[in-house]
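Trainee: So you can see what is in the structure, the chains are spelled out below.
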Amino acid sequence: MVINKISTAEQVIMKVQTGDTLMVGGFGLVGSPLTLIDALTRHDAGNLTIISNNVGEAGKGLGLLLRQDRLKKAVGSYFTSNREVAKWYNDGLLELELLPQGTFSEAIRAGGAGIGGFYTKTAVGTDLAAGKETKLIDGETYVLEKPLKANVALIRAWKADLKGNLIYYKTARNFNPLMASAADYVIAEVDEIVDERDLSPEEIVTPHLYVDAIVESRLILTREGVVERDI
Amino acid sequence: MTFKERIAKKAAEQLVPCSIINLGIGIPTLVANYLDKDAYYLHTENGLLGVTSVAEEDIDPLLVNAGKLPVGEAAGASYFHSADSFSMIRGGHIDVAILGALQVDSKGMVANWAIPGKDIIGVGGAMDLLVGAKKIIITTNHVAKDGTPKFVKECTYPVTSTRQADILITDLAVFHWKNGRYELTELMGDTSLKDVEENTTAFYKVSEQLLEKRR
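Each protein sequence line maps, in turn, to chains A and B. Position 171 (the first sequence) corresponds to 171 in this note's numbering; numbering is contiguous. Position 199 (the second sequence) corresponds to 199 in this note's numbering; numbering is contiguous.
It should be emphasised that the hints constitute simulated quantities derived from the structure, not laboratory data. C-beta: ideal position from N, C-alpha, C; glycine also. Mixed in with the good hints, there may be bad ones.
To be verified - Selected chain A positions facing chain B (Cβ under 7 Å, derived; list incomplete): (1) Val30; (2) Ser77; (3) Ser105; (4) Glu106; (5) Arg109; (6) Gly125; (7) Leu178.
The following block holds chain A by itself, in its conformation from the complex (with noise of 0.2 Å):
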């Protein structure tokens, strides 16, 4: 049997569901989903938690779920890069769960890899680690983070082969291949699906056991900004 992934975006988004927790890959619009970010606007999944570094940019990315009040909360680590976030925050219809950006992509390694928290030295003595355990390991002082887990996460990669085996483009690759570890369903937009001969074994970032879906891109970043391609 020849196993193929491959999907719509129109027909996986379906798998996200009303209150799940979703993880969004993407340092801003750089490595973004956006083909499945788009089929999400026209879902009716709402009340959704976001892991993602950013809500994307003002209208733009997540910023389109923002402005169609579908999010809940979102975590990650700069909001700052979408203006529209503070005010929905401000406004009590977005609640805000800020990590320091090491502390958040480890808390979704650790959730990808069995890990039930790890202890780290940032933002010891800050506010971030207001009401968080401490601990102090051969003399240093420590402070205790979950693991972060998602029901369905939504990445980029570059190339795909049939199976899922995933490569990234230079930095858009950021938090996808973490992402792809730490939720229960995976899908990945990828710019290219190629033949499985195509794609070195020493070369795979993404081992396809962690990818459940492929879809080939429609949204892409150019220097213009967000446009549909041709395919």
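Starting from the known structure of chain A, fit chain B onto it as the hints suggest.
Mentor: Relative to the frame of chain A, chain B by itself:
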């Protein structure tokens, strides 16, 4: 040269060749302009070791630095995911982080992520870098836009870490953390000791060498 460029050039002078360096947003980004490209390795926390400048016609929208500005890829560069990138930072593999600041105080504490009374919605990698880099250089204007000192007795803004900054470089002077306090080691341009004194509320010591030179 603008005052920002003078600060950046001074910061570049503090660096040892072959160092792994992480540059923050603002004045720190300018430091790259004063480095021999072949002698330093620039790390950016969004997943690249080997950052270099890029010509306008070669800009790739999917190749950016932590400030989301377009950058280039040096020979021998490598890409990695965010958890690996922050392992490099927290694990002590970055030699120097050059960062901006809202306030630095007499105890060496740095505040550079939040302003009281304003929305606290972003921290990025600031806390990880302060904790993990082997050496911290802070580059900033000596005073805020409204003229109030940024080098203060004790931070009134939320601190970013409990770790001291090793070097503070402003448009007025250079300070090194030494024996539990800052020592003013160098004056920038034609700044006088009195200029520094009048624009600082922090406690600092003027280095013996500098006093000697001025006698």
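Trainee: Each of the hints needs a verdict: does it hold here or not?
Mentor: Outcome of the hint check:
no.	hint	result
1	Val30	holds, 6 Å
2	Ser77	holds, 6 Å
3	Ser105	holds, 4 Å
4	Glu106	holds, 6 Å
5	Arg109	holds, 4 Å
6	Gly125	holds, 4 Å
7	Leu178	holds, 5 Å
Hint compliance for this structure: no hint is broken.
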